[in-house]
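J.: Please build the complete structure, drawing on both the sequences and the hints.
Chains as they are written, first to last, in the numbering used here: chain A, 1 to 538; chain B, 1001 to 1224.
It is possible that part of the hints are untrue.
Pairs of lysine-lysine residues, derived as DSBU-like cross-links and limited to a Cα-Cα distance of at most 30 Å, are as follows [claimed, not checked]: (1) A:Lys114 - B:Lys1085; (2) B:Lys1191 - A:Lys140; (3) A:Lys495 - A:Lys485; (4) A:Lys205 - B:Lys1191; (5) A:Lys33 - B:Lys1224; (6) B:Lys1203 - A:Lys140; (7) A:Lys205 - B:Lys1204; (8) B:Lys1197 - A:Lys140; (9) B:Lys1177 - A:Lys177; (10) B:Lys1177 - A:Lys114; (11) A:Lys537 - B:Lys1032; (12) A:Lys140 - B:Lys1208; (13) A:Lys422 - A:Lys374; (14) B:Lys1177 - A:Lys485; (15) A:Lys520 - A:Lys450; (16) A:Lys422 - B:Lys1118; (17) A:Lys50 - A:Lys509; (18) B:Lys1197 - A:Lys177; (19) B:Lys1191 - A:Lys177; (20) A:Lys177 - A:Lys404; (21) A:Lys404 - B:Lys1068; (22) B:Lys1204 - A:Lys140; (23) B:Lys1118 - A:Lys404; (24) A:Lys188 - B:Lys1197; (25) B:Lys1085 - A:Lys404; (26) A:Lys415 - B:Lys1013; (27) B:Lys1085 - A:Lys188; (28) A:Lys537 - B:Lys1012; (29) A:Lys415 - B:Lys1118; (30) A:Lys177 - B:Lys1085; (31) B:Lys1094 - A:Lys404; (32) A:Lys188 - B:Lys1094; (33) A:Lys177 - B:Lys1203; (34) B:Lys1013 - A:Lys537; (35) B:Lys1208 - A:Lys35.
Sample of chain B residues with no beta-carbon within 12 Å of chain A, all distances over it, derived [to be verified]: (36) Leu1010; (37) Gly1011; (38) Lys1013; (39) Thr1056; (40) Glu1058.
Bear in mind the hints are in silico, worked out from the structure with no lab data behind them. Here the structure is a predicted model, which is why all the values come from computation and not from measurement. A virtual CB, placed ideally from N, CA and C, is assigned to each residue, including glycine.
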Amino acid sequence: MYTQEMLDSIKNVERTRSERLHATLRRMEADEKDKLLQEYHPDYRTTGFKNILVGPNKGQKAPSELTDLLQAHSRLTGKHIDLEVVDYDVDVLIIGGGGAGSSAAIEADRAGAKVLQVTKLRMGDANTMMAEGGIQGADKENDSPAIHYLDALGGGHFSNRPELLSRLVHDGPLAIKWLSDLGVMFDKKPDGTMITTHGGGTSRKRMHAAADYSGAEIMRVVRDEVQNRGITTIDFAPAIELILDEEGKASGAVLMNFDTGEYSVVRAKTVIIATGGAGRLHYQGFPTSNHYGATADGLILGYRVGAELLYQDAIQYHPTGVAYPSQIFGALVTEKVRSLGAQLINRDGIAFMNPLETRDVAAASIIRECSTNKEGIPALDGGSAVWLDTPMIEDLHGEGTIEKGIPGMLRMYAKFGIDLRKQPILVYPTLHYQNGGLLIHPDGETTNVKNLFVAGEAVGGIHGKNRLMGNSLLDIIVFGRIAGKSAAARAKETKTGKLTLAHVEKFEKSLADAGVETDKVSPLLLPTYTHGRTPRKS
Amino acid sequence: MQEMVEVFLLGKKYTVPAELTIMDAMEYAGYKLVRGCGCRSGFCGACAVVYRIKGTTEIKVCLSCQTKIEAGMCVGQIVSYPTNKRTFDIEEIKPTANIMGQLYPEIYSCIGCNACTKGCPQGLNVMQYIAYAQRGEYERCAHESFDCVGCNICASRCPAQITHSAVGLLARRLTGKYIAPECEHLELRVKEIEEGKWNVELKKLMDKPMDEIKDLYNHREIEK
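T.: Below, the structure written as structure tokens:
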């Protein structure tokens, strides 16, 4: 499967393996990391970003692709939607069918609210499903929420919102317990002790996992619970615009039937945005590990009604995306592979960094190795990559570790003729996570739009400018549950006024006033791929 | 020059690069997928397709994001398969020997044809995990079915009309909640949290000046 050039380089990896096996690799000093990030992390490039010209974050930068969508026309511009005809009348509308939306739905239902959960694709089609490595939670004796706080704060370069981060770590063990009680099969020892490992940037082993299907296992359980509770869900029904009432409270949404193109109107006392990330916008041309539907829709919807963004320019590049073969280019190689001991190796067989640095540092270090240092291995389309030395795992922990610990990875590569127990794999950073998003209070409500709540990857501030592995599965559960409870409680005391879409016109006017000329419409909903073919335009 | 192959997508002939997956080949041909496409990494089960190589009798099933296109492939999609999941209250049910039979009695209609196992794109021994379910061996059923992505190809092939993915999921939830050993350190920490202990500790840390917090971070002890 590998090219001759790759096979030659593998010989170097094998030659140095035994001496690397038990070597302690140096960790970088704080100022060394800062310098590396500034020179090599994609967030620090000046190209690839554009200033936002309208709305609450006017004057700040965002990735160009996101700025273009924030400043695009509404899908409803020029259309008349009769808001007097209400198709669904509920207490809590949840937009998004992933882990955060489903956790919110369960809690809102438990609190007695009438819930409607809508999703663009199918329930469970979300980044949650693809999170492989695990979920953090400080539940062991040598660990504590305070230590977890310190790890996540340092990993986030001290830019996390303290009130959000403290809620995340404090409720961490509660989230693990909640999932466990729903029947999630965490990896445990025979005496019930959780099997936990390190992730990049953790100082305690607090990564709980369900093999390398952690997110999938969580997603299928919470989705099953939503179904068991009889909560109304609608698939293939993206929200394309939020509805406010005359007082400016979030009061519903316009949905589009993705099969028929027909619109419908939801009136709701409270609204939760749980639409996930933005990897499918392919910032700076990077491949992505994200779900097909990760197009930042919730950020667009929220921004158009005046909700504020935070750290919209901070993107997480997962250091180990698949660089070869082409069929799985950009897919995720879980950090658990490095947690289990696999090192990052250059073309000459040298371990050029400690594999458990934080994700941004690891990504920048790989980019440096492949660019300035010219130590990468030529991979696809003129790009290069580094080795992730997977055979080390079984040298360290014994035969069978890979099949038991990372069966998904083993299977993914086996389909394309690579046995990662015997051969290392080629990796390069892939667009993985939206660190920023809509700003919320610790109760999940946006800071400046009443009755609009946000949970999951669409939130900004919890992780600061860089998230640690295992804190996103945690965040969708913790803040999903919080949003569900808060939105249900608020619904009880809310009287919704007359529905309006006036903000859409107002936004169009602000675009015109700012001199923005565009032929784009948003939310994008889905990316378009042609794999190298240029379709003839009519 | 790229190697090209001739294929039939939903009955229509296209010429596509040989290195593409079936999903990518559809997009190359001009489809903008709404249904039949999900995580694009083999985890979500959205993209099941059925195909045969032109001129052969055998019908095959696979995940289109995980399978390379081949010359002569005639591809149809399974974008939605009507399954029959039963609802239950996880707090009420218990992992008793008869619970599976009560909720999913059709598992006892299995005729042992093994079509489920042959169709599984994850290479799972589906018929085996249904056998475990029949015998009330839920933990074994849970582990045997663990890598299921819920594409329901097995269900589409089953003459006994079993919804295998739902059976596996019930076994896993019973295992996770009731059969797996309880976790003492988790219970202990949850109790401390509910008593308010960690709110106090966190506040102490958060109230420190940022320089001191940074120093604590940079010199923190890292567990081996």
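J.: Do the alpha carbons of Lys537 of chain A and Lys1032 of chain B lie within 30 Å of each other, as the hint requires?
T.: Judged against 30 Å, a Cα distance of about 15 Å means the pair holds.
J.: For a C-alpha distance cap of 30 Å, please report whether Lys1085 of chain B and Lys188 of chain A respect it.
T.: With Cα atoms ~28 Å apart, Lys1085 of chain B and Lys188 of chain A stay inside 30 Å; holds.
J.: What's the verdict on Lys1085 of chain B and Lys404 of chain A, does the C-alpha distance respect the 30 Å limit or exceed it?
T.: holds, 29 Å
J.: Assess, step by step, whether the Cα of Lys422 of chain A is no farther than 30 Å from the Cα of Lys1118 of chain B, and give holds or violated.
T.: holds, 27 Å
J.: Holds or violated: Lys1191 of chain B and Lys177 of chain A, Cα atoms, limit 30 Å.
T.: Cα-Cα ~11 Å, so holds.
J.: Decide if the proposed pair is consistent with the structure: Lys520 of chain A and Lys450 of chain A, CA atoms, cutoff 30 Å inclusive.
T.: holds, 28 Å
J.: Compute the least Cβ-Cβ separation between Leu1010 of chain B and chain A, then decide whether it is above 12 Å.
T.: holds, 16 Å
J.: Has the given pair, Lys1191 of chain B with Lys140 of chain A, been kept, meaning a C-alpha gap of at most 30 Å?
T.: holds, 13 Å
J.: Holds or violated: Lys495 of chain A and Lys485 of chain A, Cα atoms, limit 30 Å.
T.: holds, 18 Å
J.: With a cut-off of 30 Å on the C-alpha distance, tell me whether Lys1177 of chain B and Lys114 of chain A pass.
T.: holds, 27 Å
J.: Does Lys1085 of chain B sit within 30 Å of Lys114 of chain A, going by the straight-line distance between their CA atoms?
T.: holds, 22 Å
J.: Holds or violated: are the alpha carbons of Lys177 of chain A and Lys1203 of chain B at most 30 Å from each other?
T.: holds, 23 Å
The earlier numbered hints are all upheld by this structure, with none contradicted.
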